[in-house]
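Participant: Now for the letters of each chain:
Number of protein chains: 2
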Amino acid sequence: MKLATLKDGSRDGQLIVVARDLGLAHHASGIATRLQQLLDDWNFLAPQLQDLYETLNSGKARHAFAFEPAQCMAPLPRAYQWADGSAYINHVELVRRARGAEVPESFYTDPLMYQGASDDFLGPRDDAPFASADWGIDFESEIAVVTGDVACGTAPDDAIDQVRLLMLANDWSLRNLIPAELAKGFGFLQSKPATAFGPVAVTPDEIGAAWRGGRVHLSVESRWNGQRVGLCEAGPEMTFHFGQLIAHVAKTRRLAAGSIVGSGTVSNKDLSHGYSCIAEKRALEMIESGAPATPFMQHGDTIRIEVLGTDGQSVFGAIEQQVRIGGRAAQRGASAGAEALGAGSGGR
Amino acid sequence: MKLATLKDGSRDGQLIVVARDLGLAHHASGIATRLQQLLDDWNFLAPQLQDLYETLNSGKARHAFAFEPAQCMAPLPRAYQWADGSAYINHVELVRRARGAEVPESFYTDPLMYQGASDDFLGPRDDAPFASADWGIDFESEIAVVTGDVACGTAPDDAIDQVRLLMLANDWSLRNLIPAELAKGFGFLQSKPATAFGPVAVTPDEIGAAWRGGRVHLSVESRWNGQRVGLCEAGPEMTFHFGQLIAHVAKTRRLAAGSIVGSGTVSNKDLSHGYSCIAEKRALEMIESGAPATPFMQHGDTIRIEVLGTDGQSVFGAIEQQVRIGGRAAQRGASAGAEALGAGSGGR
Numbered sequence: 101m102k103l104a105t106l107k108d109g110s111r112d113g114q115l116i117v118v119a120r121d122l123g124l125a126h127h128a129s130g131i132a133t134r135l136q137q138l139l140d141d142w143n144f145l146a147p148q149l150q151d152l153y154e155t156l157n158s159g160k161a162r163h164a165f166a167f168e169p170a171q172c173m174a175p176l177p178r179a180y181q182w183a184d185g186s187a188y189i190n191h192v193e194l195v196r197r198a199r200g201a202e203v204p205e206s207f208y209t210d211p212l213m214y215q216g217a218s219d220d221f222l223g224p225r226d227d228a229p230f231a232s233a234d235w236g237i238d239f240e241s242e243i244a245v246v247t248g249d250v251a252c253g254t255a256p257d258d259a260i261d262q263v264r265l266l267m268l269a270n271d272w273s274l275r276n277l278i279p280a281e282l283a284k285g286f287g288f289l290q291s292k293p294a295t296a297f298g299p300v301a302v303t304p305d306e307i308g309a310a311w312r313g314g315r316v317h318l319s320v321e322s323r324w325n326g327q328r329v330g331l332c333e334a335g336p337e338m339t340f341h342f343g344q345l346i347a348h349v350a351k352t353r354r355l356a357a358g359s360i361v362g363s364g365t366v367s368n369k370d371l372s373h374g375y376s377c378i379a380e381k382r383a384l385e386m387i388e389s390g391a392p393a394t395p396f397m398q399h400g401d402t403i404r405i406e407v408l409g410t411d412g413q414s415v416f417g418a419i420e421q422q423v424r425i426g427g428r429a430a431q432r433g434a435s436a437g438a439e440a441l442g443a444g445s446g447g448r
Numbered sequence: 101m102k103l104a105t106l107k108d109g110s111r112d113g114q115l116i117v118v119a120r121d122l123g124l125a126h127h128a129s130g131i132a133t134r135l136q137q138l139l140d141d142w143n144f145l146a147p148q149l150q151d152l153y154e155t156l157n158s159g160k161a162r163h164a165f166a167f168e169p170a171q172c173m174a175p176l177p178r179a180y181q182w183a184d185g186s187a188y189i190n191h192v193e194l195v196r197r198a199r200g201a202e203v204p205e206s207f208y209t210d211p212l213m214y215q216g217a218s219d220d221f222l223g224p225r226d227d228a229p230f231a232s233a234d235w236g237i238d239f240e241s242e243i244a245v246v247t248g249d250v251a252c253g254t255a256p257d258d259a260i261d262q263v264r265l266l267m268l269a270n271d272w273s274l275r276n277l278i279p280a281e282l283a284k285g286f287g288f289l290q291s292k293p294a295t296a297f298g299p300v301a302v303t304p305d306e307i308g309a310a311w312r313g314g315r316v317h318l319s320v321e322s323r324w325n326g327q328r329v330g331l332c333e334a335g336p337e338m339t340f341h342f343g344q345l346i347a348h349v350a351k352t353r354r355l356a357a358g359s360i361v362g363s364g365t366v367s368n369k370d371l372s373h374g375y376s377c378i379a380e381k382r383a384l385e386m387i388e389s390g391a392p393a394t395p396f397m398q399h400g401d402t403i404r405i406e407v408l409g410t411d412g413q414s415v416f417g418a419i420e421q422q423v424r425i426g427g428r429a430a431q432r433g434a435s436a437g438a439e440a441l442g443a444g445s446g447g448r
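As you go down the protein sequences, you meet chains A and B in turn. The first sequence runs contiguously to residue 448 in the working numbering. The second sequence runs contiguously to residue 448 in the working numbering.
Since the hints were made in silico from the structure, they are not lab data. It cannot be assumed that every hint is accurate.
Pairs count within a copy or across copies, as identical chains cannot be separated in the list.
As the list claims (entries may be wrong) - Subject to a maximum C-alpha distance of 30 Å in a straight line, what follows is the list of computed DSS-like cross-link-like pairs (lysine-lysine):
| no. | residue 1 | residue 2 |
| --- | --- | --- |
| 1 | K284 | K381 |
| 2 | K381 | K107 |
| 3 | K369 | K160 |
| 4 | K160 | K107 |
| 5 | K381 | K369 |
| 6 | K369 | K107 |
| 7 | K284 | K351 |
| 8 | K351 | K160 |
| 9 | K160 | K381 |
| 10 | K284 | K107 |
| 11 | K160 | K284 |
| 12 | K107 | K351 |
| 13 | K351 | K381 |
Since the model is a prediction, treat every value here as computed from it, not as a measurement.
Just chain A, same shape as in the assembly (with noise of 0.2 Å):
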């Protein structure tokens, strides 16, 4: 099934079961009004809503309403944990290579994560606020899962079991900060601000063979300015599969239903892919020219995520975002990126 949260003017929303096209929608509060309260009760919960998700389907909902992205909020506005991996290790290799640093072997045995944020995350066509062009701004592509209870010392494999949902990720990230946040050795904090989510969460089943051995086996598309930059494969290339990445960090401690995990920047290896972001573009450049060329995000300039399935379909709905540069509204329509934005499929 698929599931969003519209914005009511509360903390968390509202969920809504979305059809599997994402044409129309219908509330959920017969059963359940917020997505983390699902989670909470999945066994109990679920199979209600997926009862609804069929009728839907069916057109035989009687009270279903136009889906519309840009009245999301992510679909879990706030949750208690955000845990974003590393997991393409063609990225650090990129990166890495970029400075002129060697990838520790190590690396390709345990998995590079991080404890972000999670307290505000960002809906998927809501403006990314920043004081600072300064600060290096950049988008992530990334795809996420959200979990139900896990273990302490759960098992990778074990830990496939326990992703409930699927989402899509735009892990913004500061990069000019980041050298010296990460020097300081304590990772990041104000490097990472809030993250973005695509309108709509989905049950792994609805992607049907594509989800196999804990990775998603489609390509995230990011359009930067309305320009395809990006037409990454999401499966082969993940070194660390989704229960790996969990078990990580279920290692010392239990995981609470509803903590969300990352698989980081979406990254292969062809560069006929492309990237999904800008920080491996210019490690690029670096690596060929001796400097980076490509500037990183500027005021007004946008940012489009999208993954479609085997059927053509958008899976999640897109994220379209707006950089907005200090207490400077965003201009929508305005920049050259702008044009872009009502060109994708899907997802509206």
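Mind docking chain B on chain A? Use the hints.
Facilitator: Chain B in isolation, oriented as in the chain A frame:
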């Protein structure tokens, strides 16, 4: 006012108001059932709870019952954010000196903080479970605050006004996992398992003039296996006050109501105050004799943390936890340290 959360089988427990002397308590259910609910709607709900608190303190609450810390969860059993600082620079200096490293000049002006996990906290009397004593089990006695909504870019002095509640924390640390994890560059994940919190969260006015300048000017007592190992002053040597810590997190993003911000291990230059974590004791031994002599915690070890107000009464109640290794149940009362569990004042 003083607030706590009773175990009731649910994930968020049941909000109660606790009398100033921690003797009696009263359900807050007519006003709010969960602590997060209060934080989400502070201005409307806090005055109603304050009224109930005053009625309880005057002995006129009709359905008061005996307060029992052993029945408490953490005041926020799960939260949307836990960002922990290392605000006592003496602790950083000691640990660095022990390994022959300098403290960078920036550490005196730029707070060292990390994003912690907030999905699953331990209650004040819950066993602390670990798979292996080889992980280097250590307590960390800390003060923490719970914030209201904090706007992005809030100044340090303004951020002090967003402190809603004060808490006592035991930030469990796995010292032997830290070096390898921090060497990866992305901060703590496995080496910081579930944090425990004291039974009662209090509004800053509860400690009167001891809350000033964004710091708690009281002493934190740590008893390890019944021995007092630390009585550290939390106020004067806190290099960065809580407003500075909150503002540091809020530099690039908002903080949502209910965010928890920690002080890090309370630490004093004057060695007669003892220590608030074993790592500091071992650092001193390293500096003095070239090798640490004090082992980390073992199965059955106990830790008791408490803060007395200027009136001599327990402010938060005591954290009293026992280390449990593997599947073995901790033998309460069987270890040497357990004798001391009944020795402290207040909080029960």
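Participant: For K381 vs K369, is the C-alpha pair at or below 30 Å within one copy, between two copies, both, or neither?
Facilitator: within (12 Å within a copy, 48 Å between copies)
Participant: Under a CA distance limit of 30 Å, which applies to K160 and K107: within one copy, between copies, both, or neither?
Facilitator: Cα proximity of K160 and K107: one copy only (25 Å, versus 43 Å across).
Participant: Treating 30 Å as the Cα threshold, decide for K369 and K160: within, between, both or neither.
Facilitator: neither (46 Å within a copy, 71 Å between copies)
Participant: Indicate which option fits the pair K284, K107 if close means a Cα-Cα distance not exceeding 30 Å: within, between, both or neither.
Facilitator: Neither. Shortest intra-copy (38 Å) and inter-copy (39 Å) distances fail the 30 Å Cα cut-off.
Participant: Are the CA atoms of K284 and K381 at most 30 Å apart within a copy, between copies, both, or neither?
Facilitator: So K284 and K381 pass the 30 Å test inside a copy (26 Å) and across (23 Å) alike.
Participant: Checking an output row: K351 and K160, CA cutoff 30 Å. Within, between, both or neither?
Facilitator: This pair counts as neither: shortest intra-copy Cα distance 46 Å, inter-copy 49 Å.
Participant: At 30 Å max between alpha carbons, let me know whether K351 reaches K381 within a copy, between copies, both or neither.
Facilitator: The answer is between: 27 Å across copies meets 30 Å, while 34 Å in one copy does not.
Participant: Is it within, between, both or neither when you check K160 against K381 at 30 Å Cα-Cα?
Facilitator: neither (48 Å within a copy, 68 Å between copies)
Participant: For K160 and K284, with the copy left unspecified, which applies at a CA distance of at most 30 Å: within, between, both, or neither?
Facilitator: For K160 and K284, the Cα distance exceeds 30 Å both inside one copy (57 Å) and across copies (53 Å).
Participant: How would you classify K369 and K107 at a CA-CA limit of 30 Å: within, between, both, or neither?
Facilitator: Classified as neither: same-chain Cα gap 39 Å, cross-chain 51 Å, threshold 30 Å.
Participant: Between copies, within a copy, both or neither: which fits K381 and K107 at Cα up to 30 Å?
Facilitator: neither (35 Å within a copy, 51 Å between copies)
Participant: I want to check one pair: K284 and K351. Are their C-alpha atoms no more than 30 Å apart within a copy, between two copies, both, or neither?
Facilitator: both (25 Å within a copy, 16 Å between copies)
Hint compliance for this structure: hints 2, 3, 6, 8, 9, 10 and 11 are not met, and every other hint is.
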